[in-house]
Structure formats: structure tokens, C-alpha cells
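K.L.:
Listed here are the chains, written in short residue letters.
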Amino acid sequence: MYLYDSYDQAMVDARVAEFRDQARRRLEGKLTEDQFKPLRLQNGLYLQLHAYMLRVAVPYGTLNSAQMHMLADIADKYDRGYGHFTTRQNIQYNWIKLEEAGDLLADLASVEMHAIQTSGNCIRNISSDHFAGAAADELVDPRPYAELLRQWSSFHPEFLHLPRKFKIAVIASDTDRAAMRLHDIGIQIVKNDAGEVGCAFYVGGGMGRTPMVAPLIKDFVPLDQLITYSEACLRVYNRYGRRDNKYKARIKILVHELGKDEYARQVEEEFAHLQSQGIEPPLAELARIATFFADPAFESGLSTELDRSNPDFALWADRNTHPHKQAGYISAVISLKPVGGIPGDASAEQMHTIADLAKEYSFDEMRVMHTQNIVLPHVKIADLHTLWAKLEAAGLGTPNLDTIEDIIACPGLDYCSLANARSIPVAQKIATRFAEKGRTAELGELKLKISGCINACGHHHAGHIGILGVDKKGTENYQLLLGGSEAQDTSLAKITGPGFDEDGIVDAVEKATDVYLAQRQQGERFLDTYRRIGMDPFKEALYG
Amino acid sequence: MADVLGTSPDEVQFRFRDDEVVDHGTVTVDSFLDQSNATAVRIEPGDDARALLPHLERIALVEVNFPSFMDGRGYSVARILREAGYQGELRAVGDVLIDQLLPMRRCGFDAFAPDQKLDEADAQAAFDRFPHAYQSASDARQPIWNLRHD
Amino acid sequence: MKVLTGNDLKTGLVVWWNGQEWSRHVDDAVDAGDEANVILAREESARRVNAAYAIDATREADGSIRPAHIKDRVRALGPTVRPDLTMKPAEPEALNWVI
Ligand code: HEM
Ligand code: SF4
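Keeping their order, the protein sequence lines are chains S, D and P. Every letter in the first sequence is one number past the one before it in the working numbering, and letter 72, counting from 1, is 85. Every letter in the second sequence is one number past the one before it in the working numbering, and letter 145, counting from 1, is 149. Every letter in the third sequence is one number past the one before it in the working numbering, and letter 66, counting from 1, is 112.
Chain S with its partners taken away, still in its complex shape (with noise of 0.2 Å):
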């Protein structure tokens, strides 16, 4: 994975000083909260109902044993123990002292860590495919290519007074795990025609109270090039993105309102103007990143039989597991969605034990996952079974990836200062009742999303099952939504009608699944189904 070099360090420390001198300036004082709080957005710090927020970045999800380690340190040592890992791969810790937070950000620097630009009107943390590196199905490793956009956007001069957010994604296959097209930018790593690797831009994807996907701006841009494309795509949005609504800042009301063809003119014409500029890095400098992503050590020549004779294990194994480009090895999922747990939440032990175990089986590495989860990248097909064993004495080996147990929640009105509704108990309901049921199983794979608000950190909109919190005269109400799908299929989820209380949204959930399994054809998921039969059905069983 990437290191530091000294010039990378020397800029995470200068950023801590930095916040140290802010912060200071805000308590005697010399700033306004108004000053400070986009100050402080930008590390990563929000003010949430119970205390201050940190957001920390894991870039495009990668992290070592060392870097877990002191996450949870920090976790015992600055909040209560344990932190929660979010649909942007990134880590949040709920109960924050201003008072304490240079020394935080401090600690993690000394980890090559930071929590620069994790909120604000900025570009942010880049994600990226979370099997990057391991996927059997990969053109090259999207990784080296977020490493250097993270570098072109950290503290970019020009951008860090967007209309709004701004949220880059980067993968290198045709299946998409990373919500690529959910994204303002989301790039894919493609060959063209030539033999040629280069990127598809994909320009004005987004949730939040308008989801839109992203339409293909540009098929092919050359490596070579691709910084100065991306400078051309952010100084159109930020010269003609909308200040006057917050609602509508957001690039993908750009690109709507122009067209996906007039923004991609003013971009190329920008781009024209730029490329005389010379602010693209030297190619060496891709080559000097790529070097960080080799392979490791893979062993040739190892096993690839399963020993299958503990059906718990198979269970696992064939729930919690991806296949890996390496004969012999696999990616493990380590589950952050115990039946009745907090989807993400995880505690300091916990990432203690995940690290050690990443440091033994995967190489020292770590991936967080968009669904909340942590991967073990590269495990050896051999180790499987030893691995397993220690997670489920960890209470880290539930068996559900993908499942209805395995629900993306935001942490809506338990912590959240947005939000409607509370998301968690929602999310522990509905795991609950069909693990009790025992029908998790049967059911497939079946992604269920919550969101306690509009703006949808819970990817409501792109869950096969979807679920928004919504205020009604001052109670919790939830909506059903369906067919939402974040993969290369990505489409935007429908609601079904009026909302449901607490109870009534489980129980919804559960008729809506009735249907699926009443309709089903062969080897159909969820999201087919509905796709095959439509809206009505469904509502008949909810409403009629």
C-alpha cells in the first residue's frame, strides 16, 4: 500500500499545526463559529447532537494493521471505545472534544492518517473498489490512480470553496463496486481500442434529495492527461454551479441543467486551455505511486481445495468470501452486522483483533467497505478455516454478506442532527426478525439500505430495498422504496406509497419479501424479480 514519503508527511503535519492554530483562534475567540465551522469541515470535524463528530479518511478504503491499531487507540482514548465505519470507507468517531482534536489528528499522522477534507465543500476522501488489488475480474488496480487524484485534490487552492461536496469514486472493472456512477465524478479504468489504458469519466452522479446518475462525459481520457481533465470538469462546476440553493449545488444539477453534452463542451473546451498549461504530473510520478500497489509476496503452488466438513464454516465461506485474481488465495469479509448489532460500529477490541489477524492472514492489509464491512484481501485458501475460527470467537464471523442482515444504515436520529428518524433500531429489527425466522438464507442476496433523512447517507436510493426516515408532525415514519441498485446495473429505487411506523416498516419489509419468494423464477435475486414484474404486485400486498 502507499507510504509516505517525507514531502507527503511533512504536509499531514503542517495540517495538524494548522488546526491546532485554528482551533486555538476559535476558542479565544478571533474566529466565529460561521469562520471556523467550514474550518473545522474540512478536518473532518462536524458538531452532531451529542458532541462533536470526527470523520477520519481511509483513502479508497486501504489500511494497515498499524493504522487499525490506532484507530481503535484513538477510540479508547479520545471517544468511548469504539468508532463506525461509513458507506464512504471512512471511520467516525461520535463523542469528540474540540479541546482534544490536534492531539487526535496528531496520532494519526503518526500513522500516515489524516482527516483532511472528510466533510466540507471540497473534494473528498476518494473511494475505490474495495477489492482493488485482489479482484480475479480487475484490468489493473484502480488504487494508484485515487492515490494521485488525493494528492492533485489535497488542499487544492481552487476548490476548497465548492458550491458544495464533492465526491470522486475510481474502479478498473465492468462490475461496480464502489457506486461509481452515485458519485460527481466516477471514473472507470478502461482499455481503448488500442490496447491503451486511459479513463471513462462519468460526471454528476449523486443521492442525497435528487439522485441522479451519472451520465458518460468522456470515454477516453489518457493517463497522461488525467489530472488536467479532472481540473477542467471542477473549474466548470466551479464557476457555474449554483450558490444561490444549497439544494441545488451540487454538480449533477449542473450537468441536468445544461446537459450532459453542453457541460462535456465547456469541459473540453477547458481542457483545450489547460493542456497548454502544464499542470499535469509526470507520468514517472504514476509509475513511482503504482510501485506502492505491486503484489505482494504471493506463494504459487498452494492449495485450492476447501475442507467443507463444518457446514458453519461452508456457510461462511461460501457467504463472506470473493474470489481472488492469486490461484490458492481468497478475500475474506469480516462482518460488521451482528443479528441485532449496530451496522458498521465496531469496538476498540474488535479493530484490535481485525488488525492482528489482517497482520497474520492478509499481508497487513485492510479494506473498509462501502456496506460497512472489512475485508481481508488477500487470505491464503489454506489459512480460511483457522481465520474463521478466530473471528467467530471474536464474535466477528456472522455469516451474511450481502444478505437482508447485512443492511447499510446511517446513524439517522440516534446521532445525527439531520435527521428524521432513527435508522439503527430499523435496521436491528429487521436483521432480528428474519434471523429469527431463519430466512436470511432463503432470501438471497438482498440489499437492504436506511437512511434517517433526504440526504440518503444510507444509499436508500440504491438499495433493492430502500428505507427513508421522514418526519410526520413530529414522530418517525418510514417509506418503502424499491429496485434501487448501486452495481453496473444502478438504477434509482421507487416508493411504494405512504410510510409506515417503526413496527409497520418491518413488517412491510417482510410482506415485500413474500411477494419476491411467492413470484420468483429460477435463479431470480430480489431486485430481478421486481424488475420482471413491477411496482404493483407489491403494492397490492402492502396497501391492498
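Treat the hints as calculated values from the structure; they're not laboratory data. Some clues are possibly wrong.
[What the hints assert, rightly or not] Okay, the calculated bits of chain S under chain P, using three or more residues with CB under 8 Å as the criterion:
no. : stretch
1   : 109-121
2   : 418-428
3   : 432-446
4   : 479-493
[What the hints assert, rightly or not] Computed Cβ-Cβ distance ranges for the label pairs, DEER-style:
no. : chain 1 : residue 1 : chain 2 : residue 2 : range
5   : S       : 331       : D       : 144       : 52 to 60 Å
6   : P       : 92        : S       : 297       : 37 to 45 Å
7   : S       : 445       : P       : 130       : 16 to 24 Å
8   : S       : 546       : D       : 153       : 56 to 64 Å
9   : P       : 71        : S       : 17        : 40 to 48 Å
10  : S       : 296       : D       : 52        : 41 to 49 Å
[To be verified] When the alpha-carbon atoms are kept at most 20 Å apart in a straight line, the in silico PhoX-like pairs for lysine-lysine are as follows:
no. : chain 1 : residue 1 : chain 2 : residue 2
11  : P       : 117       : S       : 90
12  : S       : 110       : P       : 56
13  : S       : 259       : S       : 178
Glycine included, each C-beta is placed from N, C-alpha and C at the ideal position.
Based on the hints, put chains D and P with the ligands in the right spot on chain S.
P.N.:
For chains D and P with the ligands alone, kept in the frame of chain S given last:
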């Protein structure tokens, strides 16, 4: 803010040029384009800086107004002018605060006239904060990726 | 009644105006009446509180204070999904008060 005494609203507090300060008033972009003799112009956030590009030769001062520090259009304005070869004074005016000084400087501003006078020591620390920069902009700094491959 | 709440500037913890200072306990809150805006402005500018605002609440028969909106009841108690981290870790039934 701590110290608002002893300064008028558009007094230049920081200047990184040796030439004489331009002290004649600026005109709006629209009236600049109408008047063939104006040499100082003031750009508001919604103005298109590219309209000035044919006339850069005769401009000695461009003021870019930041009515709110949260409106970042002025950063692109500055770079567009510098990229087109503008050499005159580029002055940030309005809601200019300590923590925006360095990014503004990197985008090509070389004079700053904040609405409210800034603490000198805090401002100096902000200008000097980062030893390097990751990316190219409109200042003299070599980006880190060039330094790495010298 | 109108009660005042906000977050402590340094720690971010939820606080309530008790007439003299900011308390961690909602039941200490007093009716700020017409003074609300004056107190909020004064306390914010003295940096004794951050992001403070006035809310509607009622005083119950037992003297306790009940904020009108669920969001402020969550703030008063703590996250309902982590009873151990709330203001009343020993009283799980306190969660019913939120909803
Ligand atoms: C708890 C504090 C949080 C606050 C205040 C917050 C705020 C917001 C807001 C205001 C939006 C809408 C942005 C827009 O449409 O312009 C948003 C979107 C989003 N947030 Fe959060 N969020 C929080 C936590 C989270 C968490 C925990 C996650 C991950 C689990 C997350 C992931 C996202 C994602 C994926 C989106 C959708 C991005 C898009 O619209 O393209 N947020 N958030
Ligand atoms: S979706 Fe709404 S409730 Fe959930 S974290 Fe985002 S802003 Fe908060």
C-alpha cells in the same frame, strides 16, 4: 474580530509587489468593457473573467470581490487571469480571512484588502504554513510531484 | 415553556441553561421566557456555549422537563441504541421517555 481600528474597508493590508500601488478606483466589468480608458476593474462573483482577456494589456489592477468567504468563484477568476498572462495587481477584497490567504496567494492574488483588518502574526503564520504544495497553481511553487522527479 | 440548549464549545457535550450557567441535565433547565434571545447572544459571544437555541418544552408533574421534539429528547438522554452511553445508563426504561 479583534482589531478593526485604523483601517478603512479597502485598505491593502498585504501586498507582494514592488511597483506603485494603483490608487484609482475600479469600475465594474460591464463599464470597463464600455470604457476604453479604464485601467482598474472590479470582478464580482458572477462575472465572467474571460471577458477581460482581450484587454489585459491595459489593466493595472483587478479587484476580485469576495462578499462571503464561502463563495469560491474568485479563485478560478484569479487563475484564469494569471493563466492568460495577466501581470498586474490582483487584489482580493471583501470577506478575506486568515485561512483563505494561502490558497488565494497560490491562485495568483498578490494583494489583499480584507474588510476587517487581520491579525498580522496569524496572517504571517498562515502564509508560511505549508512547506510544499501537491499541485500546480498560479504561483512559483514547484508541485511535490515535480520535486520528486527532478 | 421555552428552554435553552446548546453544546459546550470545548467538549461539544449537550448542555441546558439553568438560569445561572449551563448544566448537563435537562431537568435543570429553566423557563427562559422573553430573555431567550438575550441570553443566547450573550452566552454565545462569551463562548460559554456553541450552536445554542431555544426550544419548547413542558414541565411534568414530577418536576422533570420534557422537550417537545424527539430530537431534543435524544439529545437530552443520549443515543437510544447505546443505553450504556446515555445520561441514565442504569435505567433502560428511560429510553421510552424519548419515543
Ligand atoms: C452524522 C453526520 C452526517 C451528516 C451531518 C451528514 C450530512 C450529509 C448531507 C447534508 C448530505 C446530502 C448532501 C447533498 O445532497 O448535497 C449527505 C450525503 C451523504 N452522506 Fe452524509 N452525513 C453524515 C453522516 C454520514 C455517514 C455516517 C455516512 C456513511 C455511512 C454518510 C455518507 C453519505 C453519502 C454516501 C451521501 C450521499 C452522497 C451524495 O449525495 O452523492 N454520511 N450527508
Ligand atoms: S441520511 Fe440524514 S439522518 Fe442519516 S446521517 Fe445522513 S444526514 Fe443524518
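K.L.:
Does each hint hold? Answer for all of them.
P.N.:
Here is how each hint holds up against the structure:
1. 109-121: holds (count 4)
2. 418-428: With 3 residues close enough to chain P, the hint holds.
3. 432-446: holds (count 5)
4. 479-493: holds (count 3)
5. S/331 to D/144: 52 to 60 Å: Roughly 59 Å apart at Cβ, these two residues keep to the hinted range, so it holds.
6. P/92 to S/297: 37 to 45 Å: 55 Å, violated
7. S/445 to P/130: 16 to 24 Å: 19 Å, holds
8. S/546 to D/153: 56 to 64 Å: 58 Å, holds
9. P/71 to S/17: 40 to 48 Å: 46 Å, holds
10. S/296 to D/52: 41 to 49 Å: 34 Å, violated
11. P/117 to S/90: 28 Å, violated
12. S/110 to P/56: Within the cut-off at roughly 6 Å; holds.
13. S/259 to S/178: Holds. Residue 259 of chain S to residue 178 of chain S sits at ~10 Å (cutoff 20 Å).
The earlier numbered hints that this structure contradicts are 6, 10, 11.
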